[in-house]
Amino acid sequence: MMGNLLEHMGIDRDRIHFSWISSAEATKFVDVVREISEKVRALGPNKKFVKDYTK
Amino acid sequence: MNFITIDKKDWAPGIDKSRKTFRVYGPVEDENGCQIKPLAPDTAPKMDAPVTVMSAKSVLFPQTEKILTATLDESKQDHHVMTPVETDDMPRVVLGIRPYDAKAVQLVKLNFDNPDYQDPYWCAAYEATTFVGLGVTHPGPCDFSTAVGCGPFSEEGLDVLMADMDDKYLAKILTKKGENWVAACGFDTEADPKESQVLFDVLRKEAEKQIQTDLATDKLAGKTILDLYDAPFWDDVAFSCINCGTCTYVCPTCWCFDIQDETRHNTAVRFRNWDTCMSSLFTHHASGHNPRGTKVHRVRQRFMHKLKYFLDKYDQGIMCVGCGRCVASCPVNIDIREVCNRMNDYETTK
Amino acid sequence: MENPYLPYPVRIDDIEVATEDKSLKTFTFVFVNPADEEKFAYKAGQFAELSIPGVGEIPIGIASSPVEKGFVKFTVFRTGVVTTHLHNMKKGDLMGIRGPLGNWYPWDKLENKNVVIIGGGFAFTTLRSSIVYMLDPANRKKFKNIDVVYGARSPGMLLYREELFDWEKRDDINMHITVDGTDDPDWKYHTGFVPQVVEDNAPVADEDTYAIVCGPPIMIKFTQPALTKLGYQPHQIIMSLENRMKCGIGMCGRCNIGKELVCKDGPVFTLEEINQTPKEY
Amino acid sequence: MDTCIEKIRAIGADLLAKGTVEKVIGFADGSIPMATRPIALTSDKEVDKLVFNSVCGLNLANYVSKNSLSSKEGKIAVVAKGCDARNLVTHIVENQISREQIYIIGVPCTGMVDKRKIAALFDDEITGFEEHGDTLTITSASKTETVKKADVLRHNCRVCTHSNPPVYDVMAGDPVEEQTLDHPYEDVDQIAAMDLDARWAYFENLTKNCIRCYACRNACPLCYCPTCFVDESSPQWVGKGQNEIDVTTFHFLRAFHCAGRCTDCGACVEACPMGINVRDFTRKLNKDALELFGWEAGLVLDKRPPLDAYSPNDPNDFIK
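Residue numbers (numbering that gives the first Met the number 0), protein chains in the order written: chain A, 0 to 54; chain B, 0 to 349; chain C, 0 to 280; chain D, 0 to 319.
For the record, the hints were derived by calculation from the structure and aren't laboratory data.
Beta carbons: idealized from backbone N, C-alpha and C, even for Gly.
A portion of the hints provided could be inaccurate.
[Claimed, not checked] Under the rule of at most 30 Å between Cα atoms (straight-line distance), these lysine-lysine pairs were calculated in the BS3-like manner:
hint	chain 1	residue 1	chain 2	residue 2
1	B	Lys208	D	Lys114
2	C	Lys112	C	Lys90
3	C	Lys228	C	Lys141
4	D	Lys302	B	Lys45
5	C	Lys141	B	Lys75
6	D	Lys207	A	Lys47
[To be verified] Simulated DEER-style distance windows between Cβ atoms:
hint	chain 1	residue 1	chain 2	residue 2	range
7	C	Phe221	B	Arg341	46 to 56 Å
8	D	Asn94	B	Asp41	49 to 59 Å
9	A	Arg14	B	Asn340	53 to 63 Å
10	C	Pro215	D	Thr138	30 to 40 Å
When you get a sec, could you build the whole thing from the sequences and use the hints?
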């Protein structure tokens, strides 16, 4: 529901990710982080929900 | 030149002309109602606006204001040394404010500009601001300004007071600042001073007659702080309160603020934000102790501050100009007029 | 226009763990611009805002004394965001100090008077400042008898222990050091709570005797009756209060007790004054 | 609703006179038109102060959880519309109060009016407000308007399908007919139909005038946390100023804390001095709770809210 609300508010679904990873699943953790990083990098910098530091 | 008339068709062009030297504020309408805001180019103030939900205090005292900054970059020579954010000295004019909002500025001034300390940010903004008020010809049901030493045509704190005369404004110029603004707009149609004053007096009396309030403050000064503080009615007054900050934020005379630091990358910024005595955090000690830990404490603080502490401290009347905004906006209808009367009428049995 | 929010830059010159539980540290600051030290001229009993850029400010009583030059000292209890950050800072780090703020103990009024100083726990900082000030050779003759009652939970929780024991040896000040309890068989001072030690050891009041009380609320609450028993009138009992503060200059509005602002009209009040205000501290 | 007022008063007087309850929490007339004030009565002599009309827009369950209701205190009667009662149920389910502590005086509700909608009919301020059945007569200095109540109902009342309290001890009137809606979440769907950036712009615009008075939070019966996340200093989750991202963070997270708990009572919007429709946040969550879990908050006492319980059938396609 949090993901849905964020998406509803205009946040790209591809920037939101939920996974179950056990503390024993180190490789899965690395894979998931890599996958998300690549996906998010492809999307470019996020402009929403980011505090504007110039103000 | 005490009085001038401004033809309404000259009004907007005059304001535009003044933009060369003034930043212009005035009532602006959007989906949340009317507020005093900076006027975007080509927009005229909504002069016939109803009472704005928020007062004009934010022109001098923004809800969030950067006051100091420092770099945290240790390679810089002046790292961790705070420097003031430049004060905003740009001349500005606030158009169409209600007279009580200008009077409120004078009460707030007692706090920000006193013999011991002067708040540089507020004072600079105050110096830079010209207040052009519009007399209130039809005061609303929440207006009780006449009962607290103000009124729909009060001149205190204003630089220009205008009256709406259908196709034109009649303006009374009250200060040098007012003169400068009138000159910047190019308004120069003089009006007969005697006649104009008579007109103002008639309008004022008409308007004052429409304010029906039985608010009395005469006996507040004669009571002791502790008697009023210990009065039995505070639980009752506070019951419905939800401790939101609405009353304090909409109030033109509430000046309390919080100071907060934030770090943005390698820059430290110190802000001040409006704060509210309704919040339990306002007085919460780091130890966990809270001298005003219950909502009854906090509700009592607000009314005691406005109606007694301020009165006793400054001897300038109560800290209320009768705008009625807190009455109109309170979600649970706590009415300062009722509370004031209860305080005024309270006789200790001790 | 002076900007009262602008702190003077200072460097942390020394950090000393002040109590055995490490919850208190004494920080010695040196002004980055020597001229600022003069502007910071203070009297014993005043406080200042310790100001850490990007973190925040905290109002702390000045523990050094006006007669000590070249530095200012503050003893800080670790409790909130700013104090925790401060406890983690290092010697040499830069930060700011804003002040001096508030009023001070009424030194003019106290001239030619007997002064009884009563403190408990870590509320001894401005009292230390006061004692050092009074014991200064230039000032000692201005005051008659000086008595000090100071208590803490245990010997290791006493602040400024070495100074306390030095003062104990002097004959121009009567020290009554006490701890709530100790298992140290060599403890040669009092054991017991401050109010009881006051009742048993503080001088009986005459019109020339004043008591300065600073400590946790519970100690203040129980010391008052002890002083009353000894004949102290409300105007002879001087107290230093604390409340949550932000601006320190009487503008931000949160620290009031009745119409008095603790930061500007206080923090020092007589009991007589406090009796006129709501007890919102 | 007039007969309903009489019944509320009679029930209240009876409960207080017999000592069944220690106090009755209800609405009293306000000091200005279109205002009511929550009150607590302790004597049956005072029951004439109780009113019920179309401007009782706050939620009285809010006065039960936050009024330091200690176990020592006796039973409290609450005048409850459908939504108030649902929030009392939520309180019970969330262990804020026990069923025995509360006496629910159920009121069949015909909806509350949108004060801003009414104010918008006038250029000047409203000086009088009267209600006769389903007709409202509103006056200002310049004119009098007569409108049908149905035309100026609050949005949450227009889409309400639980006007009658689902749980009560006594009803102060005959139940009203519940409506069924073909498109209960049309407002949410309209936002969902916008593209991503338009949605973000919509929510940015929605909260642009927020003054962070927290009236929405404080009027909400669900917001009973001893320390709200926005007030936390260590760690400090969100900045305290008017930065729009901090403001949005507050609204987004507060709404999310109400996920599966919100009864859409509308008290948040009612309380907001700026008239911000903060329900735009919670409505999406309510819709999801219904569609994903078949859940509407506060209807039954014996089921846990969906985010409070695990079921193997919970939708989990969002986990990758």
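Worksheet entry | Satisfaction of hint between Lys141 of chain C and Lys228 of chain C, Cα-Cα up to 30 Å | 27 Å, holds
Item to complete: State, for the Cβ atoms of Asn94 of chain D and Asp41 of chain B, whether the hinted interval 49 to 59 Å holds or is violated.
Response: Given range 49 to 59 Å: holds, Cβ gap about 58 Å.
Discussion item. Tell me if the beta carbons of Pro215 of chain C and Thr138 of chain D are separated by a distance inside 30 to 40 Å.
Written reply: Taking Cβ atoms as reference, Pro215 of chain C and Thr138 of chain D lie about 60 Å apart, which means the hint is violated.
Worksheet item: Are Lys207 of chain D and Lys47 of chain A close enough, with their CA atoms no more than 30 Å apart?
Response: Roughly 15 Å separates the two Cα atoms, so the pair holds.
Worksheet item: That 53 to 63 Å hint for Arg14 of chain A and Asn340 of chain B (C-beta), does it hold up?
Response: 57 Å, holds
Worksheet item: Should the hint that Phe221 of chain C and Arg341 of chain B are 46 to 56 Å apart at their CB atoms be regarded as holding?
Response: 36 Å, violated
Discussion item. Please verify whether Lys208 of chain B and Lys114 of chain D have alpha carbons no more than 30 Å apart.
Written reply: 27 Å, holds
Fill in: Straight-line alpha-carbon gap Lys141 of chain C to Lys75 of chain B, limit 30 Å
This hinted pair is violated, its Cα atoms lying about 49 Å apart.
Practice prompt. Compare the distance between the alpha carbons of Lys302 of chain D and Lys45 of chain B with 30 Å, and conclude whether the hinted pair is satisfied.
Written response: 53 Å, violated
Worksheet item: Does Lys112 of chain C pair with Lys90 of chain C here, judged by a C-alpha cut-off of 30 Å?
Response: 41 Å, violated
The structure fails hints 2, 4, 5, 7 and 10 (numbered hints given earlier, in ascending order).
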